[in-house]
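A.B. asks: Residue-level listing of the chains:
Number of protein chains: 2
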Amino acid sequence: MEIKVVGIGPGGADFLTPQAKRAIEESQVVVGYTLYVELVADLTEGKKILSTPMKGEVQRCEMALEEALKGQKVAFVCSGDAGVYGMAGIMNQVAKNHPEVKIETISGITAACSGAALLGAPLIHDFAIISLSDLLTPLDLIMKRVKLAGEGDFVICLYNPKSKKRTEYLDMTVDILSKYRPLTTPCGYVKHIGREGEISVVCTMQDLKNNSDIDMFTTVFIGNSTTELINGKLVTPRGYKNV
Amino acid sequence: MEIKVVGIGPGGADFLTPQAKRAIEESQVVVGYTLYVELVADLTEGKKILSTPMKGEVQRCEMALEEALKGQKVAFVCSGDAGVYGMAGIMNQVAKNHPEVKIETISGITAACSGAALLGAPLIHDFAIISLSDLLTPLDLIMKRVKLAGEGDFVICLYNPKSKKRTEYLDMTVDILSKYRPLTTPCGYVKHIGREGEISVVCTMQDLKNNSDIDMFTTVFIGNSTTELINGKLVTPRGYKNV
Numbered sequence: 003m004e005i006k007v008v009g010i011g012p013g014g015a016d017f018l019t020p021q022a023k024r025a026i027e028e029s030q031v032v033v034g035y036t037l038y039v040e041l042v043a044d045l046t047e048g049k050k051i052l053s054t055p056m057k058g059e060v061q062r063c064e065m066a067l068e069e070a071l072k073g074q075k076v077a078f079v080c081s082g083d084a085g086v087y088g089m090a091g092i093m094n095q096v097a098k099n100h101p102e103v104k105i106e107t108i109s110g111i112t113a114a115c116s117g118a119a120l121l122g123a124p125l126i127h128d129f130a131i132i133s134l135s136d137l138l139t140p141l142d143l144i145m146k147r148v149k150l151a152g153e154g155d156f157v158i159c160l161y162n163p164k165s166k167k168r169t170e171y172l173d174m175t176v177d178i179l180s181k182y183r184p185l186t187t188p189c190g191y192v193k194h195i196g197r198e199g200e201i202s203v204v205c206t207m208q209d210l211k212n213n214s215d216i217d218m219f220t221t222v223f224i225g226n227s228t229t230e231l232i233n234g235k236l237v238t239p240r241g242y243k244n245v
Numbered sequence: 003m004e005i006k007v008v009g010i011g012p013g014g015a016d017f018l019t020p021q022a023k024r025a026i027e028e029s030q031v032v033v034g035y036t037l038y039v040e041l042v043a044d045l046t047e048g049k050k051i052l053s054t055p056m057k058g059e060v061q062r063c064e065m066a067l068e069e070a071l072k073g074q075k076v077a078f079v080c081s082g083d084a085g086v087y088g089m090a091g092i093m094n095q096v097a098k099n100h101p102e103v104k105i106e107t108i109s110g111i112t113a114a115c116s117g118a119a120l121l122g123a124p125l126i127h128d129f130a131i132i133s134l135s136d137l138l139t140p141l142d143l144i145m146k147r148v149k150l151a152g153e154g155d156f157v158i159c160l161y162n163p164k165s166k167k168r169t170e171y172l173d174m175t176v177d178i179l180s181k182y183r184p185l186t187t188p189c190g191y192v193k194h195i196g197r198e199g200e201i202s203v204v205c206t207m208q209d210l211k212n213n214s215d216i217d218m219f220t221t222v223f224i225g226n227s228t229t230e231l232i233n234g235k236l237v238t239p240r241g242y243k244n245v
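Listed in order, the protein sequences are those of chains V and G.
Numbering (this note's numbering) for the first sequence: 3 to 245.
Numbering (this note's numbering) for the second sequence: 3 to 245.
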């Protein structure tokens, strides 16, 4: 009995690792959020497909578990990396009382990595990844992390910077960070990586404020004290002294 | 004139994305550290290969630039992700005075992601990646970041935890973190991901001290206050309340 929780990367087939592709091909049942299942549609022909819309995370895990307990080989697909704000954690939690089900995480390219590549090389040195969604985390803990990451001069990558209802947390983040790095700090954001409408923008930390271009599909990058623009690319040097 | 800085993932072909594979196949010259060039040997037949041993980073970038300026399509290969402690940053730095050379980063699976997958799902929520190498970063800044990541209850992923000469920084890290999280905190480490001799070990924070198993090829994961062991897997819950 096995469930492979498979990260398919940011978009189309271009980012799908051979390991992830094989996990989907070898499965009998494919579970996932509707959009992600559609992204791998060419690999799932003839297979049983179980999908649910957004926010059905626990339900999807229960469906995957049920199929695995019936003896089906299950591929549970997620965008990006299954292990970074992905479904690998919750799948292990839901299957806690079923140690007979082998749960394997198959990593994929997470938005921090694919987004950084579009912008240049902002994550070359120590960095922190923080989600600004307070759906599952108290806002004060999120902002405490922002503050500490600022104090430590970490490059910061923000997931879920905004949602339709929650639009002010990114501005709060910039306000907190402005105590530790100037508003001219080089930053960037990316949207729809590897999909139609892909956008990557290099800007300053000031430009992140009141920015209506940034939404729930955006990943935001905030440089540290060493991050610079080189020929339009956002680059954090690693510190090679002889360059 | 173009240079693609290509992350090939942790090991063999299993982690190489189609995008990365194509970048190597379409290149005329392949540059990289000897071991990484060997990992993609089946893609480079008939191409000009330029490799140097460890610590020749700047030299490799200069070789890549020289070839690009001659009009050659260059693939500069790195293990993991080219943008996470990879060569994408330094390549942009070295080519700073040549805006006519287009430098593109091709992301790959970094050890934080591939290692986390082997251990279960430790990086499901906010995390910090810190390198313990002081070759290019002052030790006090490294340890300040460790402290702040501890204070912020970030899950922590450590790159370069030790080298032959530098063996005590991981113990220092544990000592600092023990002020913020108990020595019983679930942790793990991985070695040689996707290669011969692959190892993944789940342990406690205490077990990371005086640990002769951990070396420069190891990636270390330190759980936060919510990380738990579920059927032998290291899992950080995202906070779904109804599980």
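For the record, the hints were derived by calculation from the structure and aren't laboratory data.
These numbers were taken from a predicted model, which means no experiment stands behind them.
Any given hint might turn out to be false.
Claimed, not checked - Some chain V residues close to chain G (C-beta under 8 Å, calculated; not the full set):
{"hint": "1", "residue": "A43"}
{"hint": "2", "residue": "L45"}
{"hint": "3", "residue": "G85"}
{"hint": "4", "residue": "Y87"}
{"hint": "5", "residue": "D128"}
{"hint": "6", "residue": "K146"}
{"hint": "7", "residue": "R168"}
{"hint": "8", "residue": "Y171"}
{"hint": "9", "residue": "T238"}
Here a beta-carbon is modelled for each residue, glycine too, at the ideal position from N, C-alpha and C.
A.B. asks: Take the hints in turn and mark each one as holding or not.
C.D. replies: Results for each hint:
For the restraint placing V:A43 at the interface with chain G, the shortest Cβ-Cβ distance is roughly 16 Å, beyond the 8 Å limit, so the hint is violated. Below 8 Å, beta-carbon pairs count as interface contacts, and V:L45 has none with chain G, the closest being about 13 Å; its hint is therefore violated. Hint status for V:G85 relative to chain G: holds, with the closest Cβ pair at about 5 Å, below 8 Å. Look at V:Y87: its Cβ gets to within about 7 Å of chain G, closer than 8 Å, so that hint holds up.
Because the smallest distance between the Cβ of V:D128 and any Cβ of chain G comes to about 5 Å, under 8 Å, the interface hint for this residue holds. The closest approach between the C-beta of V:K146 and any C-beta of chain G is roughly 6 Å, which is under the 8 Å cut-off, so the hint is satisfied. Hint status for V:R168 relative to chain G: violated, with the closest Cβ pair at about 16 Å, above 8 Å. With a least beta-carbon distance of about 14 Å to chain G, the hint placing V:Y171 at the interface is violated under the 8 Å criterion.
A least Cβ separation of about 6 Å between V:T238 and chain G falls short of the 8 Å threshold, and the interface hint therefore holds.
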